[in-house]
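**Student:** Please build the complete structure, drawing on both the sequences and the hints.
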Amino acid sequence: GQNIDQPTEMTATEGAIVQINCTYQTSGFNGLFWYQQHAGEAPTFLSYNVLDGLEEKGRFSSFLSRSKGYSYLLLKELQMKDSASYLCAVRETAGNMLTFGGGTRLMVKP
Amino acid sequence: DVKVTQSSRYLVKRTGEKVFLECVQDMDHENMFWYRQDPGLGLRLIYFSYDVKMKEKGDIPEGYSVSREKKERFSLILESASTNQTSMYLCASSLVSGDAYNSPLHFGNGTRLTVT
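Those protein sequences? They're chains A and B, same order as listed. Each step along the first sequence adds one to the number in the working numbering, with nothing skipped, and position 67 is 67. If you want the working numbering, it's the position in the second sequence, counting the first as 1, plus 1000.
Just so you know, the hints here were simulated from the structure itself, not pulled from any lab data. Where hints are given, some of them may not hold.
Once the Cα atoms are required to be at most 27 Å apart in a straight line, the calculated DSS-like pairs of lysine-lysine come out as [said to hold, decoys possible]: (1) A:81 with A:109; (2) A:81 with B:1003; (3) B:1071 with B:1053; (4) B:1055 with B:1018; (5) A:57 with B:1003; (6) A:76 with A:109.
**Tutor:** Structure (structure tokens):
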């Protein structure tokens, strides 16, 4: 089984940087995904990490430490449109399923 | 772009009714999934399917069944709807390939089901 934890809510200011953390415990690990979900819409894929280190994609970066069971999503130069929920999901070595954390609701204020 | 289409955006059903939620994807994906999303609980996997006529239970299959008669279509069935099945239901699909494990899920827009 898996246990995935992330903060429920965060608030940040437009133009700033915010880091959303995710910790996980799993019997087997085969990748960690971050998704963005705006209210009333479908989750959309942001990033994937399977090896330790930082993956950068424009204003968004995602970091993974497998030994610590830890990941974070870093959002730079925050924009109002970044107000959304951010979902951390872990894939086990067995199977092709993702297990999701509860999501972090980010509010960006002017 | 991958498109995953769920037949209804909103549904209201009565307790005890049989409910069908339909999902269609247009990218020839092998894998299809049904999740429900509830505040504070995140997305929880109900059922998934690796291929036509194949199905596997997820974390919370009780009270649900599924059908995959065609590759592009995955149906979720509530045999006898109950109020605790009021939720947002999300369908997703993904590709299976040699590098399958980084294949992301593509989600539909969801069906908000209310059981009264």
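**Student:** Each hint: holds or not?
**Tutor:** Now for the hints, and whether the structure bears them out:
1. A:81 with A:109: It holds: about 10 Å lies between the C-alpha atoms, which stays within 27 Å.
2. A:81 with B:1003: Within the cut-off at roughly 23 Å; holds.
3. B:1071 with B:1053: holds (9 Å)
4. B:1055 with B:1018: holds (20 Å)
5. A:57 with B:1003: holds (23 Å)
6. A:76 with A:109: holds (14 Å)
Every hint, counting from the list given before, is met by this structure.
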